[in-house]
Amino acid sequence: MSAFWLVLISVTAGTLISSVLACLPGLHIYNVMGALVLGILALEGTAHPIPPDVYLPAFTGMIVGWSMLNTIPAVLLGTPDESAMFTVLPGQKYLMAGRGFEGTMITAVGGLAGAFFLVCVMAPLAPRYLPVSQQVLKGHMHWVLWVIITFMLMSEWPKGGNRGPAGWAKFYDAWKTLLAGLATFVLAGLLGFILLTRSPVNHEVAFQNIMPAFVGLFAIPWCLLNMISAADVPPQRSAKSLAINGDVILRSVWSGGLGGGIAAYFPVVTGGVGGMLAGHATAQRDERIFIMGQGVSKFIYYVGAFMLMFVPGLNLTRGGGAWMVKALYTPMGAADYYLVLGSIAVAAGLSYLMMEPLTKLTLRFIDRFNYRHVSTVALGIILAMVYAVTGWVGLFIAAVATGIGLLPVLFGSRRLNCLGILLLPIACNMSGFGETITGWLGLT
Amino acid sequence: MTEKPQALPGHETQSDEMNCPNCGRFVGAVTKCPYCGSKVEKRMSLVAIRWAAVLLATVGLFLLFLMAKHREIPVVKLGEVKATMNFAQIRVDGVAESDARTFRSGGGMGFNFSDGTGTIMVFISQKQAQEMQEKNLVPKAGDKVNFAGGLNISDDKSSMRLLSVDEFHLTRAPAATMRLADITTDMKGSSVTIEGKVMDLFPPPADSKRPYALKLQDASGEQTINFWQTEYDQIANKDVLVGAYVRARVSVASYQDKLQLKLASGLDLEILDGPPAADAYATPAQKAAATYRKQAAPAPRDFSRGRSVASTSLSVSAVTPALKGQTVRVRGRVDSVRPPREGTKQPFAVVLRDGDATLRATYWSNADAVIPVKPTPGALFEMEGVVEVYKDQPQLQVESGYKVKLVDDTPASAPAVDMSKAVPVASITAAEIGQTRVVKGVLGAPRALRGGVAYALTDDTGTIDLILWESIVPAEVLNALGEGASVAATGDVGEYEGKLQIKAAAGYSAMVIP
Amino acid sequence: MKGFSHFMSGVAVASFGPWAIEAAQNGNPLFFVLGGACGILPDTLDFKFYRFFYEHDVYITPDPKNPDPQYVADEYARAVAMAVDEKRYIRVKLVSIRLGADFWQQYVVKIDNDKLEVQVQFGPVVNTGQVPVEGTEKRYPTVARAKLKAKVIQTYDAGMKVDIFDGPTIGLKPMENGDLDLEFLPWHREWSHSLTVGAMLGVLVGAGVWLASGWTPAWQSFVTIAACYGVHVVEDQLGHMGSNIFYPITKLRTPGLHWMHSGDGLPNFLTVWICCLLIFWNLYRGQPAMTYHFGFIHLMMVGLVVPGLVFGALRWLLNRGQKIQMAKGDDADDEWNDSKAAG
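Protein chains in written order, with this note's numbering: chain B, 1 to 444; chain C, 1001 to 1514; chain R, 2001 to 2343.
Not one of these hints is a red herring.
Between beta-carbon pairs, the in silico distance windows are:
#1 B:P357 <-> R:A2101: 30 to 36 Å
#2 C:A1322 <-> B:L395: 56 to 62 Å
#3 R:I2274 <-> C:A1322: 57 to 63 Å
#4 C:V1047 <-> B:P357: 39 to 45 Å
#5 C:R1172 <-> B:T46: 40 to 46 Å
#6 R:N2026 <-> C:D1257: 36 to 42 Å
#7 C:R1172 <-> R:V2203: 52 to 58 Å
#8 C:E1342 <-> B:A243: 51 to 57 Å
#9 R:Q2130 <-> B:S238: 25 to 31 Å
#10 B:E204 <-> R:Y2292: 41 to 47 Å
#11 R:N2026 <-> C:A1445: 25 to 31 Å
#12 B:T46 <-> R:I2274: 53 to 59 Å
#13 R:A2313 <-> B:L242: 21 to 27 Å
Don't read these hints as lab results, they were simulated from the structure.
Where is the CB? At the ideal position from N, CA and C, for every residue including glycine.
Use the sequences and the hints to build the structure in full.
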């Protein structure tokens, strides 16, 4: 079979598989890719090794498909990954207004626009300009992280203190939410220090040692709240028009591209943080632009980060997907770059086409089954996955992380503060005093 | 205003506990109504989940912390390392295969480590490196080390990052006491202990990048020990160094076939109360120990993961057009290195030589950026890449900088600069810009550039600027140069602000003429 | 300007200090963090501290169970009467109406000086994103009116909207001609938005640093803090509202240059982006061994002019023949709403 057909079949298979998997709440494609990496490694040295021409396009298709279609559970089933937290809020409002279909499709258009932006604008410029910026910025990533942390903490709005006479009581009422946010950030940061310095997870599966914490911080609290909240999903209707035009798309690409680009390029910065920064930078108040921009941002964050690994002259490893592939393969110049770009383009088109039928199918599913029961099943799947990969220790970590992940939800602060789990220890490590802190903690 | 508003979307089934039981207004999650001050009872599940969250986030985290703190880091053999162990914290026990090197950027250090089942690069942060220097824990080839670190596994170059200096245990390899005259370049890479009287100490000239030079004399002869400012600062009682009897543990190296003795740490130099005892010198057994090298280590772990690469290196002559498309590993001495011309997108071109056979290897700037030790003329290198054929001649296309490895940095043959090709400075014209020329002359005062140094090179016919970039010219070469030195240099003719200059080529492109 | 623009301006100003770059290269992020924090600090002081201690004379608190616009109008008129009768500055708090976890009842207060009355209308229920909930727009068609004892002069025509989180404060200041001057958020851009306060803060922190680490880091901290705090004040002066630039020497806000509104998308984005480019340029200049070389003009062309032209051309192509309406705003209103919307 010629290389062209091999690549095409692989990318199509990867996209279709991930499109279906993306509809399952709580399942991250990186977990699936992790399992595949293990399989590929096991086949190495046997009579049937999997060649890079097969797994590279397949992985690309999986990341593309997932970044597009994960919007379905994020909006319709309310189990977002952390980068979707900005999509979910307005997206869920669409759901509660009976416009879940519209919400997911607007995000999908954003994803497709993100694919165009990535392949047609970013890809030709990246080999020329990104190595330059990398050379300038590589020694400065640590303070960029600190600056992002500072802004994240300083920009949270006090949500209380709206009533009553002036004074300390009002101040305390207002600052309760901010203090909860700070506590969340610090506790998540401490958890990060523990897991990154001396993780109790078995070293044989250390590549997943942060996974239980992420599941606990983001996925489990969402399932729990869905289960105990009394809200029911209203009947959903399909929309004939998404009420978007070229200007909305352009402005979404503008804001989402910036947010996703920041998240993809800077280490540890995730889609949620990138989205927050872009939201502040571009001052977009239109909810459609907001939702579509998050579609763009999510696509650029996941797929762009993966693409950076293949940019000739750059070869940056960013994002879980790239880290996993790095264990299998070292990109080799322009040929691999074009292979990945072509795979992105094909996969983006395919996954967009999958969006409408899968959204309708999921809506029919929600219609038939109780929303809370779906969340319970999702929680079961998540816990089973954590146990299967990391055992009881992983469940314990997930439980602690769930406690931290529930704090912002129950005390009214930003869930983004949970990202302290990576931001705080890695910023400290990059600035060179991480070891001092772990020394104080007695971890090193 | 008595209209009864209909329930809002999503509020149709909203629990009553979100409203104050007394006044009926929405109060959300608070337990005291901000409107009427009444106590708001919450559903048990919400109260429970709130307390559970706080407990899990604090007590649970503390328990997890205790669990992590008291957990023993598992000891793992490198040969057992799997891709699923990426990011794992493991403990290893083995030998430093190379001296720890300080990186040019970032100030960190790195050394190759082997535990008999595999080899891996170990990275040490700047802060850790400083601490290790202070504690004299910088590993040298042959030292036994035991440490904990974080694994970073990749397809072509796995590495470990040292977790903590406190967890780093080092046992120095035996270093025999030798007489200065007995030390030869054959002992390169080994550590020896020497004793003698300090005849003189030459600090580096201000603004130069040269090391300190300490002249030591014993009954057998005289040698120079080189070290840097950091090591000098560590020496105890350094004010009384000249004229004192000292004992030093040094590593043996060579540069341009000349013997070099390097002091890795100021703590390795001890001032003695008086002349050393005459019988302190090495017995044959100690000499053997001094030349200690790692014995027949098992084959290092192959990180190529099943790619069709020959298990051993091919000689240059073995690479033929018939191997087109295959990935091979080739070993040869570097004949020449040509970096891409400024403003072009050319690759780096390295010619490997083995006897009469030559092979052109090319790689892109991004690959060059990660080559730990850059190819320099004369050095023995091993490169892995895909064989391509151009005009019936085989070429090697190297895709990754990690596939370019130094085997031996001792130039095998003649010096890198062929002085017979030297041209008078005055004969160089603007028409020759971009062409390679050899010049010979005396250096003037150095001028610091961002990332390099410029000297005015004067011969009988005129003066021309010689530009040496730190990124392409080895530090030893730069350190050997200085004002007043007679040198020969090769490089491309360039022009800057209307003045011609010679931009020293990559590698050993300048040398002091004895 | 929006908080993020101020923040990035602070970081950009800090990057002009060679000591900041040198420290960053050695793993010390403090000057950049200080720059960003001081860039946003004046607004933080106002929005997160001072406003909770600001006393009000009249609290207008509509009942969520029985939203009555007439009550709001009457209370407003009472506040105006107090200012006129007692000839003193009256501070009025318009309290927001929360209906649910994500729902707020919006209401608009508008002054009609020709008819000498205040008009209050309850609008749609909005979510926390300030987007109206479908079907709630026309629940309260009634416009409540109350007669005012004096004209209330405000700098813009739009009605004052009260919706999510906290409601705004207004100050009614008697003028010599008998009218009242309306100050929106009177606790904002007062003492905190002052160059002298920035300098004082720099001196205070600098003194602490001097005691701890000596003279050099002390003056470097002073310069960073004073300059980054100052750039906030200068940027705000480009808008309409202005700031009390030399408090405590000056007592009143100096009106701004009216070049922009603080919530305008384009100036804010341009500020952020230019700051990014300036930071990049300063980092490049401080890089000891660069393989790549470029000039400032080259950077600006590649990073700003060319993408800007392409974006402008695309936008023009996509919007041909369509009329784009830009909402009129006010500096304080923009900042107030944007800060809240940001969460």
